[in-house]
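Residue numbers (the working numbering): 1 to 615.
To be clear, the hints were calculated from the coordinates, so they are not data collected in a lab.
Backbone N, C-alpha and C define an ideal beta-carbon position, used for all residues, glycine too.
A few of these clues could be false.
Pairwise CB distance ranges, derived in the manner of DEER restraints [stated by the list, open to error]:
hint, residue 1, residue 2, range
1, S180, G532, 42 to 50 Å
2, T551, D281, 27 to 35 Å
3, L299, T85, 38 to 46 Å
4, N370, A46, 17 to 25 Å
5, T86, I438, 38 to 46 Å
6, S334, D281, 49 to 57 Å
7, S180, P420, 41 to 49 Å
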Amino acid sequence: MKKLVLLTAICGLAYGNANAQIPFSVNIDPNWSSKTVAMPKSPLHAQVLFVGGVDEVQTTATYGNPAGSTKAKEWHDFIGFIKDTTGGALGWVVVNHEEISSNDKIGDGGGMTSFKLKRTTGDKLEVMEQTLPDGRKGKFFNVDFVNTVGETGMNCGGISDKKHGRVWTAEEWFRTSNASIMPARDTADYTISSTDFSFANGKTIKKYQNYNWLVQVDPKTGKALRKQYNWGRAGWEAGVVMDDNKTVYMFEDNTPGILARFVATTAGDFTKGQLSVYKHDGATSKWIDIEENLDTLILLNQVAVRRGATMFNRLEWGTIANGKLFISETGRSSFTLKSAGYSANGSVSPTLITGYKNYYKQKNGSTYPNSDAQAAQDIRDGMFPDWYGRVNVFDPANNSISSYIEGGPYYDNSTSQSLPVYPDVHLSNPDGLATMTIKGKDYLMIQEDMNQRSYNSMPNGFSYERCEMYIVDASITNPTYKDLQRITASAFDAEITGAIQIDEKTILVNSQHPGSFNDSPYNHSLTYAITGFDGSDPVSIFKSEEVVGKTFSVYPNPTSRELHMNKVMDVAIYDVKGQRLRVYRQVQTINVSDLSAGTYFIQNGEGETMKFIVQ
């Protein structure tokens, strides 16, 4: 089932008082021989660092308004990090804001916020007071796009090149007219000038055409550096800079979406080089070169697909692990690859063919009987409801791509299963994707952004989404759902996103656009830290042994301080003296984080008792 883990206990569990209807006695005789569940103390703890709509950001003089401060934008998505140990710091953090709004101080459209972190006593993190080169003083700083490269739209993902100390932001919503950039108020034509790109300088374009380029930013100065006109304009979600400091892969959140590559002529200089788009079935090359022509680059997706590029169903984030490039493909339930008109020339991704065959087998109980070519045609014709998406793996050595783990398991009914038959692990719409490296071993951090509550994305009867983040050992060749370990989950109706490792102790995560009904501060988008890994195997932290009895079974989650039962039931908790402490009605998960260290008993309605120890 979907479980609340680590970050928030925002929905308290009420426990009942004694009355005649409760089938649990006030006291029990402790059964010291009962099966024992150990609840070891978790090494991890969470800390909220930055809250949108609450924390103040320092702003530059914008739209004729003086420099000052205002509330930060919300909808936190991507997190970038640049190591900087001056002043005892860990480094600079920069957070994307997908929120699109008119703002006289920050600027219209989306946005970014930067801040500097240090570690204090007890592994606590602290946002440091800073003075930027432009004179702004404070803790949080708006990244200035308006006065540097022009506004951005929905700042979603990006590129955090931690190895070389660079960050880019991306805008997933592809703009097609000036009306589509609303509520941005400036719709005047834009003249490109003073850039590193001679093919673009002096050209005048429509205002909306200056959106949807990857933009390099400097968190240390709180300013944008350049729009990457030579990488092409598309519905970019994210990208990855490879270790050679020359190769960049970029992922488009679109249907059809494309995979692109830029190879710099000189390492570290991304203003000159060759842009290409991926074609997995190319006869002589798997890359189609794109010329440096502004008209071509403004409509990169259409040009690429018309030239035969591989078509995906919404590529999202990418990350390097064990020398391979892992890319999330979040999926979209209702799609055809003919709907764009030009898509007849494109090639259907082998990852979609794998997903379609997997769906067919789970739906029909038999293997797909036809060829891959027919499967591709079925996908073009809209026969594949790609409800859950997948995580793919791309091998730069041979330019091959395949599905690494499919979302699901598939459930071919719009009415989801109810508890307790709902699967214990269900992966829906992987979006954010990052690598955690502990003692030289790579783990993937897979973050959900649900497209729907139906079709088993959420259990039946839930009127909200709860997106989860899983980790999996990236060395596993063919992972199953059992290999996924929950590490955290968002507040109600929020997306879990932005995960990034800043050292072996800590990862940062965002909870984006939560429901307003959540408790403060979880009713706002926020950035939080999970600290305490300290070089241990992160997967082992979340694995716990299940203790099985005659009528029910229990296993603990030491990180969230929860006990999980194998089915929904009534249970009561007793202390070591056998005195009843609380009763829970029709639950499958109970939070025991407030219990003092000691021995306790849990009893179900059938009278079976298990012992659990809180350390």
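Identify every previously stated hint that the structure contradicts and give their numbers, smallest first.
-> Hints 2, 4, 5, 6 are the ones this structure does not satisfy, whereas the remaining hints hold.
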